[in-house]
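Protein chains in written order, with our numbering: chain A, 104 to 458; chain B, 36 to 104; chain C, 72 to 342.
To be clear, the hints were calculated from the coordinates, so they are not data collected in a lab. Incorrect hints may have been included.
[Stated by the list, open to error] 27 Å max Cα-Cα, derived DSSO-like pairs, lysine-lysine:
| id | chain 1 | residue 1 | chain 2 | residue 2 |
| --- | --- | --- | --- | --- |
| 1 | C | 254 | A | 308 |
| 2 | C | 254 | B | 77 |
| 3 | A | 295 | A | 305 |
| 4 | C | 78 | B | 38 |
| 5 | C | 78 | A | 307 |
| 6 | C | 78 | A | 305 |
| 7 | C | 254 | A | 307 |
Fair warning: this is a prediction, and the values are worked out from it, not measured in the lab.
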Amino acid sequence: MSEKVLMKGNEAIAEAALRAGCQCFFGYPITPQTELAAYMSKRMPKMGRVYLQAESEIAAINMVYGAAGTGARVMTSSSSPGISLKSEGISYMAGADLPGVIVNITRGGPGLGGIQPAQSDYWQATRAAGHGDFHMIVLAPSTVQEMADEVYNAFDIADRYRTPVMILGDGMLGQMMEPVSLPEEKSGKTDKPWAADGHRNKRKKNVINSLFLKPQALEDRNIERFERYDVIKKNEQRAEMYLTDDAEIVVVAFGASARVVRSAVDRARSVGIKVGLIRPITLWPYPTDAIESVVDQAKKFLVVEMNMGQMVEDVRLAVAGRKAVDFFGHTGGIIPTPTEVFEQIERIAAEKGEE
Amino acid sequence: MSKIIIDETYCKGCGLCVAVCPRALISLDAEKLTPKGYRPAKLDDASKCTACAMCATMCPDVAITVVKE
Amino acid sequence: MGEIIFKRPDALEDTVFSYCPGCTHGISHRLIAEIIDELGIEGTTVGVAPVGCSVMAYDFFTCDMFEAAHGRAPAVATGIKRVNPDNVVFAYQGDGDLASIGMAETVHAASRGENITVIFINNAIYGMTGGQMAPTSLPGQVTQTSPFGRDVTQAGYPIRVVELLSELDGVALAQRVTLDTPKHVREAKRAIKKAFEYQIAGVGYSIVEIVSTCPTNWGLSPQDAFQWMRDNMLPYYPLGVYRDVKAEGFDNIHDRAADKRERLSCGKDEK
């Protein structure tokens, strides 16, 4: 690991992607992620890599599809409304089993929404990235260091499982500056016998395609893909467990809201409340194992998000009715304060006769 | 003798070759059906064929091979 | 015994085309395959199929192929070409794919001067979905979604694509051809071959618009469809070369663009 440099989240993602061997970047300006594209536009030409500002987010994701299909490591980034535009392209990538990294620096929604941070694209990322039966691996960093680390690994994971991978950040993480150790450069070149980059008369032709008109063929493709998803669920779940060993109240939060929750948990602990934080790092596959590990000991769960209540559904699914799950959140670009979260923890502790 | 060979795997009996042959040497075979149910083109008189290949030039199914003597 | 002077090109699979009898898609495919054979580029060619009747073009060519989302073939082609400029990349699109849903991608790939070759099949109708109005359907033309004839006061006027694109500095070659006679087929092949050669030489973006027929959805026999095309489409979509930078004396789009800038800044007339 190299020495630490102070970097803005959006730029740390870009730099880490380049070090992971990202060969192409196709993007379009949208607040609050434009610095990522601007950084790439400065660095990539000097590195002999491909940078292109596309005419729209739709064109960008289709350029990603094309480049990914030739076997290159490729990335695009956008924010909420732009991610909606990419839906069809993401579905095509999943249907054609193409690896690629898509960064969403979430802003308030729906519609044009706001430009301040939010976490209201959780459903979109984990449930409805595009039409059809598929999942996208979703990684949720919570610090600028994690923005770099997660994107650095995202390319490997995408290649390993031949699936698009999303980095679900938000405007706060994208804009803030923190010290980060940047990872080592790697070429990222792996053998991709399926890639369609011109057969050079040395192999059978390859076709990058998601159209399968024969129903059985399409079902078979879906079944095989879901078998791969089962492997991902088994191997790739990740969550940080903070002070959960003896926690009676378990707060679940990701990304920027987890930072706020951590402060609230520390304050609650200082007044004797046995509370802990589960911070999912993979939102898909959801870290159900982590939830399972505390469900017996916990008296109640509290989910804190910057939306109207999205991840709380996954927590409720994992808890399966065994314990109550409360929700607290703000949206529209408002970030909950540690005091607000602390008050929620206090309220729950009082309910249980904790104090 | 110049001639054309029509591959009935491909021929869909569209008639473009019939219309374009400058010597009207091709017709659709009224006696025969291809496996797909089309009336395939056939060369009626090879002795008059000059291998001009206009039929093959127009064939949308690349069903015609032209042999020049 | 005689010499075979015309046979199936190597760059076509042995698969029977899924096109209707007499559909000009088959002729276009054959011309592209002949050119791939003649230029010896099958190993470095990557084709991009559209959504439309030719959606399964990936089954018909022997080179590496992509299936693109509707309208996005130029963007997909851009991604492919930018990764490896040594590859010869072509996009094959119909009128809905290129001029309706994909118009932004079409205009921008042309404007960027992407070194790709775009083959545009213009038959004034949406074939695959059963004969609806296209952006290139003619005024008064009866289609499934213009059952009383295209009403220009509601649906506007058809788009002349090569004329539109010929205004852009990134376009090296923009030519309109057709396939109704052996003479026209040979002209079309020359145009498509030039489009591929320009790509290989890095001249800029090339588009060949092929005025085509749709016998099935026009409700005409293949021969009558050609006649309808001659009577109605060719007057609206005149054949010809709308941009050819090399014929104008330039090596590539950049030289031409620089010259134009020079002329405009000196207040000279645009050539």
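Right, here's what the structure says about each hint:
1. 254/C <-> 308/A: 33 Å, violated
2. 254/C <-> 77/B: 23 Å, holds
3. 295/A <-> 305/A: 14 Å, holds
4. 78/C <-> 38/B: Distance ~12 Å between residue 78/C and residue 38/B Cα, so the pair holds.
5. 78/C <-> 307/A: 22 Å, holds
6. 78/C <-> 305/A: With a Cα-Cα distance of about 24 Å, the restraint between residue 78/C and residue 305/A holds, given a limit of 27 Å.
7. 254/C <-> 307/A: 35 Å, violated
In this structure, the earlier hints numbered 1 and 7 are contradicted, and the remaining ones agree with it.
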